[in-house]
Amino acid sequence: MSAGEAVYVRPRPAFVLSDRVANSILAAGAASVVGLAVLLGVVLSLGAAPALSKFGAGFLVGKTWDPVAEHFGALPFIYGTLASSFLALLMAVPVGLGAAIFLAEVLPQWLARPIAFMIELLAAVPSVVYGMWGVFVAVPAIARVEEFIGQRWGHIPLFSGPPIGIGMLAAGVILAIMVLPFIASISREAILAVPRAQAEAALALGATKWETIRGPLLRYARKGILGGIVLALGRALGETMAVTMVIGNVPQISVSLFQSGYTMSAVLANEFAEATGRIHTAALVEIALVLLVLTVLVNAFARLLIWGTAAHAGEERV
Amino acid sequence: MVSEAFRGWRAGDGVVDPAGHTMAAEEVAGAETDVLAPPTDPEVCVGFRAFGVRYGDFEALKEVQLDIRRGHITAFMGPSGCGKSTLLRSINRMNDTIPSARFTGQVYLDGEPIYVPGVNIIRLRKRVGMVFQKPNPFPASIFENVAWGARVHGLYKGHALFEHVEKCLARAGLWDEVKDKLKLNAMSLSGGQQQRLCIARALAVEPEILLMDEPCSALDPIATYRIEELMRSLVPDYTVIIVTHNIQQAARVSDYCAFFWVDENRCGRLVESGPTAQLFEAPKDERTERYLAGRMG
Ligand SMILES: Nc1ncnc2c1ncn2[C@@H]1O[C@H](COP(=O)(O)OP(=O)(O)OP(=O)(O)O)[C@@H](O)[C@H]1O
Ligand SMILES: [Mg+2]
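Protein chains in written order, with my numbering: chain G, 110 to 427; chain S, 6 to 302.
These aren't lab readings, by the way, just hints derived from the structure by calculation.
Among chain G residues calculated to face chain S with C-beta under 10 Å, some are:
1. Pro217
2. Pro304
3. Ala306
4. Gln307
5. Ala308
6. Gly324
Some chain G residues flagged as far from chain S (calculated, every beta-carbon gap over 10 Å):
7. Ala140
8. Val202
9. Arg261
10. Ser269
11. Pro271
12. Ser363
Note that beta-carbon positions come from the ideal geometry of N, C-alpha and C, so glycine has one too.
This is chain G alone, in the form it adopts within the complex (with noise of 0.2 Å):
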């Protein structure tokens, strides 16, 4: 036996003055921001009261919205939220991560830069002027691909619909063009940062670079690149003025690409100035909130979907 059982003792902390203040100061930062976050919720929360207790649960399933018989469900703007973010990312993924794989490795870098510089300018250009673009050329353009495609398959429920342009599907890819320059910019600076004894390990097995990029290079940098999707899925969800203009504003929900639909980001922007019944006001409210909890349910799926391949992988150690 021992002597006895050893004892341990967390070390005290060395007291330094700079230091604490310093840490107080953060610590406040931070701790404003949680305020904050959680101070818009219970607003948000108080504000939909009057429409939480009236529908309950039957707000989120309800198809109907209207506001003279004061009889509203949210169903229609959730779907159309949802829909023309994942079509935009349908569409986004494959279209930014081809740019950026591009940028990164196939171009020269002096000419690649400078592409990349402007790509990045595209996502500071407000979205109104995306929205002025989308109605005036992309929706013309999109209404002829949608009467080819309607004659020829117009009986698949998909394609159904007047081939009028404005809808989901403009919806779509207007907010697929918004959100390309993320996804683009982010997925390039993560394969330009993968280390180059990645690249030359499997050119020296003997991959070709096209098998390079796609195996180790890609995989390498799958973390950052499902980042810049997440990023932009937030901007999709979130965006109101471009879609407001081209997605047509009828609640409805329909399968058809070629439909009218509305978001919920633009009915508030389309109706709350003018709302004027309590129980209305509320019901846009509640839709705010509903799309706080989407937004920050969709971005915590994302962090737990980095963490977990992450996890997975094992290749982070604390």
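Fit chain S with the ligands to the given chain G structure using the hints.
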């Protein structure tokens, strides 16, 4: 003195005959007239002929005339910046990935020139494996690290692939340590284990030659010892070429040595080459002698 120094650089001085003696330049018939002639000895695996490399305007290496023997370990030695890595990476044409790199002369692999148009670089790199200074496993599972190359070349599928991975890991002396955790991420292995994994990964595409650029410089003495043991077990099945700054390591593992130096323009030159014992006991060049003595302590 000057002419002595020059002799070391002259074409043909680095040629090693089958008996393992370095021939004096004048004994190599025709070497002066045709420095580009392919090696005729079938025991010669890699032959450098008047080989030189430039990076842009900077001449990194020139007039290298050297034969590397099949199924042995050859060590490249010399001070930092004398072009050892450059020469090594010329054998699998990894220097091609550096845009400013330019070549002169020729490298023969099994009598076939590799710096000619139309050479299949993919096949060349499959034949000539490489292990890097810093272990660089892929951020994937241990199994996937070894399997990837084999899969890229379409070598094995299904159960045969699994057996192949096991064989390569065993060959690299890693199987017993990882057989229960093949799904574990390779990044969680120790440095020495990672380096052996990289060797297994290189072996998985069934190369004939293994290039190792200072493979132990990031490892502790025990891990180094294990890699050296592993290298010895790879010959004569493989031809191994290793770059090392560690004189003792070269003495321990190599059968042949090539010693390089930088000239007054910082251009790398082959000074002499020969069987390791001979080079260590009776270096012909004064610089080799001083380098070896200095580093031996
Ligand atoms: N990509 C490059 N671009 C320009 N010069 C280079 C490049 N790579 C190497 N060099 C130069 O070529 C010379 C030889 O380099 P190399 O890496 O082959 O030397 P080395 O003998 O391997 O040195 P060390 O022992 O330090 O690894 C050096 O002077 C180096 O600066
Ligand atoms: Mg080197």
